[in-house]
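**Q** Please build the complete structure, drawing on both the sequences and the hints.
Per the UniProt record's numbering, residue 1 is the first one in the sequence shown, and the count goes up by one each step.
Bear in mind the hints are in silico, worked out from the structure with no lab data behind them. The C-beta atom is built at its ideal place from N, Cα and C for all residues, glycine as well. Among the clues, some could well be false.
Using C-beta positions, here's what the derived DEER-type ranges look like [to be verified]:
# : residue 1 : residue 2 : range
1 : Arg3      : Ala149    : 32 to 38 Å
2 : Phe165    : Ser233    : 36 to 42 Å
3 : Pro163    : His61     : 30 to 36 Å
4 : Gln309    : Val134    : 32 to 38 Å
5 : Leu224    : Asp32     : 25 to 31 Å
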Amino acid sequence: MLRACMQIMQDPEDGLRFNICGLQTSYLPNSDVEDMAMRIEKNIPDHLSYSSRYWGEHLAHAKAALFGCTSLTGILRKFFDHDLLHWLEVMTLRYNAPTAQAVLIAAAPSLKVIDMKLEEFAQDARRFISNFDVPIFESLPHIYLSALAWAPDSSLVSKTYLPQFQHTLKAVSGKDKQWPPLLNILRSHTNWVSSVGFSPDGTKVVSGSDDNTVRTWDATSSQLMASPFQGHSHWVSSVGFSADGTKVVSGSWDKTVRIWNATSGQLAAGPFHGHSDYITSVGFSPDGIKVVSGSFDNTVRIWNATSHQMGRTLQDPSGTSKFVPYSPSDHIYWVPIHLIRHWCHSQTVLVIGTPDIHASYKDFVHGSNWISRRSGSGIIG
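**A** Printed below as a string of structure tokens:
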């Protein structure tokens with residue numbers, strides 16, 4: 001199947017090619033080309049569309065059989081050296097940026113077995129797509145006009161394809177030498193994102209938003225793993241994964257706590273009622289049996305995630321319980337808001353305590369793995 005996909009894409013007559021839909025101007029976005037649908041149907045038939053979408057998966061399934069197959073290795077090298085941007089044209093018109101990245105993600109492990117340089121090229125192509133997805137998926141010609149021109153000098157895509165397009169725009173100054181640290185932008189929420197977190201194994205991301213929804217994402221491909229988790233009637237203020245990554249807990253300004261199936265998005269438990277004001281923080285216990293929530297009502301409440309019953313209620317006489325994560329030892333770190341000292345410059349480390357303490361920083365990991373260090377009278381989160 002992989003060989004067939006490559007043969008279809010590399011067919012000199014009907015395969016991948018520059019300006020595959022024969023666009024007459026580079027000044028129009030795809031949506032303003034009046035006969036774009038007809039051009040796509042005429043020039044990107046179903047078999048070419050299928051091959052462009054699934055060659056990566058077929059490569060993944062054929063990994064063991066490919067080792068030492070020099071003829072197929074040559075075909076793959078030709079694809080990356082000559083057809084990659086033409087393939088991106090098809091993905092631009094038929095699919096979307098996350099799907100294009102998913103093809104390369106599926107192919108990468110097999111490419112690593114076949115030829116490390118091909119795997120590096122695939123990873124660089126992913127960065128190319130993720131950094132320029134907006135212009136190229138809004139206007140196909142910008143694959144060549146802006147994305148290729150502004151790709152970093154170190155980019156394999158830039159090194160390979162800029163010499164093939166001598167008459168395109170060239171950046172004289174201001175061009176990055178390396179890809180920026182940003183790997184992906186996750187787009188789907190329709191309002192402010194208020195809380196995010198990684199699953200313990202790092203493969204999934206959960207986000208809560210002022211659009212009243214919770215969403216889960218594949219951390220590698222940046223694709224949504226399920227439809228938005230709907231049920232909250234107000235902003236979702238805090239989210240987190242269970243230790244095994246199978247469940248998600250969310251707290252909201254609707255004063256409820258809910259537990260969701262992380263894969264399907266179905267409600268697994270709740271809504272839990274009890275707080276009389278907005279919920280500010282939620283988290284699972286390390287064993288996944290209990291959930292803790294903090295609220296502007298100055299209480300911390302502990303819930304049984306299985307029986308749905310509320311356990312202990314802890315009063316906070318000193319102020320709002322803003323942060324209430326569990327530690328691996330099953331202790332709750334209760335942080336009254338007046339003890340929050342400041343955020344460090346990266347906004348990833350929270351320092352709590354009195355202003356006169358001296359502290360050394362440690363990691364703060366959203367979820368059950370909450371590492372802390374004491375220094376003097378302060379706690380470093």
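**Q** So, for every hint listed, does it hold in this structure?
**A** Each hint tested on the structure:
no.: 1; hint: Arg3 x Ala149: 32 to 38 Å; result: holds (34 Å)
no.: 2; hint: Phe165 x Ser233: 36 to 42 Å; result: violated (53 Å)
no.: 3; hint: Pro163 x His61: 30 to 36 Å; result: holds (34 Å)
no.: 4; hint: Gln309 x Val134: 32 to 38 Å; result: violated (48 Å)
no.: 5; hint: Leu224 x Asp32: 25 to 31 Å; result: holds (28 Å)
The structure fails hints 2, 4 (numbered hints given earlier, in ascending order).
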